[in-house]
Amino acid sequence: MPPPNPPTTTIHQPLHPTLLPTLDSEYTTFHNLHMQHVPRDESQPWDGSARTTPSLPYGGSCLVDVGSTRDIRVGDFCVRVFTPEGEGEGDGDGDGDDDDGDDGWPVFVWFHGGGWAIVITVAYRLAPEHIFPAAIDDALAAMHWIHTQPLRPTTRLDLANVAIGGTSAGANIAIVLALRMLEDQTSFPWPLAALVLIVPVVDNTATIMTTTTTRSSTDDDDDSQREREEEASIWYPNRHAPWLTSTRMLWYRHMYMPDTTSWSSWAASPNLAPTSLLAKLPRTWIAVSECDLLAPEALQFAGLLEGLGVDVEKYVVQGGTHSILALNGVLEKGRLLVEKAVNIVRNAFWGIEASIDKTTRLGDQ
1 MPPPNPPTTT IHQPLHPTLL PTLDSEYTTF HNLHMQHVPR DESQPWDGSA RTTPSLPYGG
61 SCLVDVGSTR DIRVGDFCVR VFTPEGEGEG DGDGDGDDDD GDDGWPVFVW FHGGGWAIVI
121 TVAYRLAPEH IFPAAIDDAL AAMHWIHTQP LRPTTRLDLA NVAIGGTSAG ANIAIVLALR
181 MLEDQTSFPW PLAALVLIVP VVDNTATIMT TTTTRSSTDD DDDSQREREE EASIWYPNRH
241 APWLTSTRML WYRHMYMPDT TSWSSWAASP NLAPTSLLAK LPRTWIAVSE CDLLAPEALQ
301 FAGLLEGLGV DVEKYVVQGG THSILALNGV LEKGRLLVEK AVNIVRNAFW GIEASIDKTT
361 RLGDQ
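With the UniProt record's numbering as the guide, the letters of the sequence shown map in order to residues 1 to 365.
Since the hints were derived computationally from the structure, they do not count as laboratory data.
Some clues are possibly wrong.
[To be verified] In silico DSSO-like cross-links for lysine-lysine, where the CA-CA straight-line distance does not exceed 27 Å:
(1) Lys340 <-> Lys314
(2) Lys314 <-> Lys333
(3) Lys280 <-> Lys333
(4) Lys340 <-> Lys280
Take the sequences, apply the hints, and build the full model.
Below is the structure:
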């Protein structure tokens, strides 16, 4: 299907000229044709109807056929369960116990796919109607629900083979969920097989400007001070990143966490979690887009985990932006990112080794 005409000819989101030598050329072409004409979300009054209108005009890939798709209500939220073709119907002995022999399908839990596994996506409650920590509470409730095996006897789950993942804010939820599960090993006795993070939000204390650097009382040059403060900020290197700008990110954050004191909670900023918990995280795969506002904090988080002995693999998409996953239907690097993520999950479940280095830079290949 051809892309729709842009909603307006007005340019709302031009690319910053300093980015042009770095950005993926395929993305630049698509952005200039379509994305630059989309009004900025944060410039408009909040309207819940935005949830039914894609902010990106075009770019996703076609849906993949699966054996079955079911929407199930779990408390205050819903989950969608994707089951592969060839779903088993119990172990055949009629006792309702499916733990004999075959342990059932592995499970991949995704926060807003997946090959040869049951995929469960969680429609966690959204801000601004449901503020922090509602999304975290829903994630934990979803995992409790999965561990009660409510899909039996028609669908068998292998609870010793569960991976979780997410993109952007969903990746933030996935990290926090993994840490909360480590805190409650009575409820969650099986370790996670993998943590799959795509362009994650890791540090909700980050801003363009910080007060890390202070000037002397005799220095009256405000512009000089402002520059030094920006250089101290983790967002500063990618301050001109398209689509997910610093103003948009802060707009999202204020809707989700109107109480700014919660920003430094590790349930909001998992990079601030106790190292004793972080060191216990499972094998973690972090996909980072080079030109994403959040790239520096994601890479810093990867370095933190590596220093704690966690098995971490970084996947850096050269010239990519925060919208890389949403544009997997039109960008080759987006398609390869999805393919790589699927291979990571497959490897976590069945030990199929991927022929990759610990840090893969898509664009060097």
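Going through the hints against the structure:
1. Taken as a hint, the Lys340 and Lys314 pair is honoured in the structure, with Cα atoms around 12 Å apart against an allowance of 27 Å.
2. Restraint check: the Cα-Cα separation between Lys314 and Lys333 comes to about 15 Å, which is no more than 27 Å; the hinted pair holds.
3. Taking the CA atoms of Lys280 and Lys333, the gap is near 31 Å; set against the 27 Å cutoff, the hint is violated.
4. Straight-line distance between C-alpha atoms of Lys340 and Lys280 comes to about 24 Å, which keeps the hinted pair within the 27 Å bound.
The structure is inconsistent with hint 3 alone, although it conforms to all the rest.
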